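K.L.:
Now for the letters of each chain:
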Amino acid sequence: MTEELFALLLTRYNYWMAIILMLIGLYALIAKQNLIKKIIGLNIFQTAIFLFYISFADVAGGTAPIYLPEGTGALYVNPVPHVLMLTAIVVGVSTTAVALSLIARIYQEYQVMDEDELLEVMRRP
Amino acid sequence: MNAVIAQLPVLLIVVSIVGALLILLAGKVNRNFSYPITLATISFQFAASLILLSAVMTGGTIHYYLGGWPPPMGIELVLDAFNSFVLVVILAMALLTAVWAREGAALDIPPEKTVPFFVVFQLLVTGLCGMTITGDIFNLYVFVEITSIAAYVLVASGRGARSLIAGFNYLVLGSIAAGFIVLGIGYLYVATGTLNMGELAAMLPASYGLATVHAAFLFLMIGFSIKVAFFPLHLWLPDAYTESPSVVTILIATTTSKVTAYAMIRVIFSVFTPQYITESFPVTEVILIIAAIAIIAGAVLAIAQDNLKRMLAYSSISQMGYIMFAIGIANQIALEGGLLHIMAHAVMKGCLFMVAGMIIYRTGISGIHQMSGLSRKMPLTCAAFALAGASMIGIPPTIGFMSKYYLVLGAVEAGQYLAAAVLLIGSLLAAVYIWRVIEIMYFGDHHEGGLHSGPEAPLSMLVPVLILAASCLLLGLFVDIPLEIIGPAVTLLLGGS
Numbered sequence: 013m014t015e016e017l018f019a020l021l022l023t024r025y026n027y028w029m030a031i032i033l034m035l036i037g038l039y040a041l042i043a044k045q046n047l048i049k050k051i052i053g054l055n056i057f058q059t060a061i062f063l064f065y066i067s068f069a070d071v072a073g074g075t076a077p078i079y080l081p082e083g084t085g086a087l088y089v090n091p092v093p094h095v096l097m098l099t100a101i102v103v104g105v106s107t108t109a110v111a112l113s114l115i116a117r118i119y120q121e122y123q124v125m126d127e128d129e130l131l132e133v134m135r136r137p
Numbered sequence: 441m442n443a444v445i446a447q448l449p450v451l452l453i454v455v456s457i458v459g460a461l462l463i464l465l466a467g468k469v470n471r472n473f474s475y476p477i478t479l480a481t482i483s484f485q486f487a488a489s490l491i492l493l494s495a496v497m498t499g500g501t502i503h504y505y506l507g508g509w510p511p512p513m514g515i516e517l518v519l520d521a522f523n524s525f526v527l528v529v530i531l532a533m534a535l536l537t538a539v540w541a542r543e544g545a546a547l548d549i550p551p552e553k554t555v556p557f558f559v560v561f562q563l564l565v566t567g568l569c570g571m572t573i574t575g576d577i578f579n580l581y582v583f584v585e586i587t588s589i590a591a592y593v594l595v596a597s598g599r600g601a602r603s604l605i606a607g608f609n610y611l612v613l614g615s616i617a618a619g620f621i622v623l624g625i626g627y628l629y630v631a632t633g634t635l636n637m638g639e640l641a642a643m644l645p646a647s648y649g650l651a652t653v654h655a656a657f658l659f660l661m662i663g664f665s666i667k668v669a670f671f672p673l674h675l676w677l678p679d680a681y682t683e684s685p686s687v688v689t690i691l692i693a694t695t696t697s698k699v700t701a702y703a704m705i706r707v708i709f710s711v712f713t714p715q716y717i718t719e720s721f722p723v724t725e726v727i728l729i730i731a732a733i734a735i736i737a738g739a740v741l742a743i744a745q746d747n748l749k750r751m752l753a754y755s756s757i758s759q760m761g762y763i764m765f766a767i768g769i770a771n772q773i774a775l776e777g778g779l780l781h782i783m784a785h786a787v788m789k790g791c792l793f794m795v796a797g798m799i800i801y802r803t804g805i806s807g808i809h810q811m812s813g814l815s816r817k818m819p820l821t822c823a824a825f826a827l828a829g830a831s832m833i834g835i836p837p838t839i840g841f842m843s844k845y846y847l848v849l850g851a852v853e854a855g856q857y858l859a860a861a862v863l864l865i866g867s868l869l870a871a872v873y874i875w876r877v878i879e880i881m882y883f884g885d886h887h888e889g890g891l892h893s894g895p896e897a898p899l900s901m902l903v904p905v906l907i908l909a910a911s912c913l914l915l916g917l918f919v920d921i922p923l924e925i926i927g928p929a930v931t932l933l934l935g936g937s
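Just so you know, the protein sequences line up as chains A and B, in that order.
For the first sequence, this note's numbering assigns the number 13 to the initial residue and increments by one for each residue that follows.
For the second sequence, this note's numbering assigns the number 441 to the initial residue and increments by one for each residue that follows.
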């Protein structure tokens, strides 16, 4: 049983890494007080998803999916997840841009960037 | 003419994006150009959606291959009875909101910000159209994100600094939800190797026993539940609805939440199948219990509010519970009620939020206790509120009654008598929070000095409100017309793809 588990840990380490990164991101998102650090957490979370997609697309010994002349065969890496992640990266960048500009505006209004302090400032009349 | 109709599905999105760019460019020249272009673009989209609906009703499902690439390679747009109906509903609501925004936008948006405001407004509508008509699940995610990012920006564009914080919280939760959705899609791709919804529906049953598929389902459900603000995951919603500009609240409450609910139903019934949620991975019972809690808790929280917009926001949480309830029962009649409720809730909540915005516009008050005797100052507005409120409670013959009637019938047919009772309790609680407002408006003492003098709100705000209030009644009286479309749509959902 433990051997199986160990084998699972070793052979599927790419997925474990993605999960660990994802949890680090979620932890930062929930536990960090500083709004910028929350957004860094969000970015780590999104990056973990990119890695997950890229790693399941890989084929052992596969090469870049470039069209070869007739007659030459090659083992390709699945290109679709890579393309999907290009789109997801664009989405992630836009989300980050909006989030950072919101934080900048919040800082202009309240001169604080900390969640607890923000709640305190908002409570004042 | 037929050649044009054949291209309409893609034009719906392309014209919308080009419209958004045009608003930006023309707005550079003169900011007064931005509003007419928005109105023209959304009018075009609404007309197109009506043509597409009639084409679908006569000719059956439309498949459009983008760039001429058939599904395994390319992305396809699909229009069937279900989504062409949703498309018409949301574009009608977007159009009425755009009409209302002529005067209503000035309430919260300073003049120098109108151009970017309408650009993002148009981008939101683009995203909604895309979400509705796409037949590719990753494409769905992209459009969900276009819609959401536009919504974060719009929510944060209120005058008060609190709207920034509401927007930020919405962004954080929305992005986590989007992450879960894209993870779920990844699992589906691992299990089947395709992203096309039709192919997924055909290939998934072979691997229904796999943990991968269960994980995909759960990730997608949690992601969409956050986006529609399904009860325990609703925390972003009350602030976002209360603090955002009135026009944004109307748009988001009537269109974004409905389209996200549509996407969720689409994923449950057309990507997965009714057999999956009842037999392979029985979750209907769980959905039903959470929906029942959502209905009751949302309504109880609504009763406790004094701010009118916040009360309506909590009421939205309760009403979204009704739509989830239909998924939990998952039989023909209940789903007809659920889809009818998507339309009914859009119409009546749009009307109620418009009235809340008009009261702020005319008098500047948002607290319910300050509204005493308001009916003498704004009789038409208050009458519209009373009518839409009656529909919210579910008084016959309004549309709100018809949708809840079908839900109760479906629950009884499924033998869920307790669940049917929950629906009735929900209606009773709705009566409490709606009646409280009506009582203060109509029977409260009139403070002449307390309110600004002046007649009703401007005509451009009054007309959409009256149209919506009348539809609450007329759609209920002529409920056969929407049911003619909804019936085939539900058959389609329950019969697989």
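In short, the hints are calculated from the structure, not lab data.
Take these hints with a grain of salt, some might be off.
[Claimed, not checked] Quick look at which bits of chain B chain A covers, simulated, 3 or more residues with Cβ under 8 Å:
| hint | stretch |
| --- | --- |
| 1 | 593 to 604 |
| 2 | 622 to 633 |
| 3 | 686 to 693 |
[Said to hold, decoys possible] List of simulated lysine-lysine pairs, DSBU-like, C-alpha gap at most 35 Å:
| hint | chain 1 | residue 1 | chain 2 | residue 2 |
| --- | --- | --- | --- | --- |
| 4 | B | K553 | A | K49 |
| 5 | B | K468 | A | K44 |
| 6 | B | K468 | B | K553 |
Treat the numbers as computed from the prediction; the structure is a model and nothing was measured.
Using N, Cα and C, we set each Cβ at its ideal position, and we do this for glycine too.
K.L.:
Evaluate each hint against the coordinates.
P.N.:
A quick look at each hint next to the structure:
Counting residues of the stretch 593 to 604 of chain B whose beta carbon lies closer than 8 Å to any beta carbon of chain A gives 5, which reaches the threshold of three, so the coverage claim holds. Under the rule that three or more residues need a Cβ within less than 8 Å of chain A, the assignment of the stretch 622 to 633 of chain B holds, with 5 such residues. For the stretch 686 to 693 of chain B, the proposed coverage by chain A is not satisfied: 0 residues have a C-beta within less than 8 Å of a C-beta in that chain, short of the threshold of three. For the suggested pair K553/B and K49/A, the alpha carbons sit about 30 Å apart, so the restraint of at most 35 Å is met.
Distance restraint check for K468/B and K44/A: the Cα-Cα separation of roughly 41 Å exceeds the 35 Å cut-off, and the hinted pair is therefore not satisfied. Our distance criterion of 35 Å between C-alpha atoms is met by K468/B and K553/B, whose separation comes to about 12 Å.
Hint violations for this structure: numbers 3, 5, all remaining hints satisfied.
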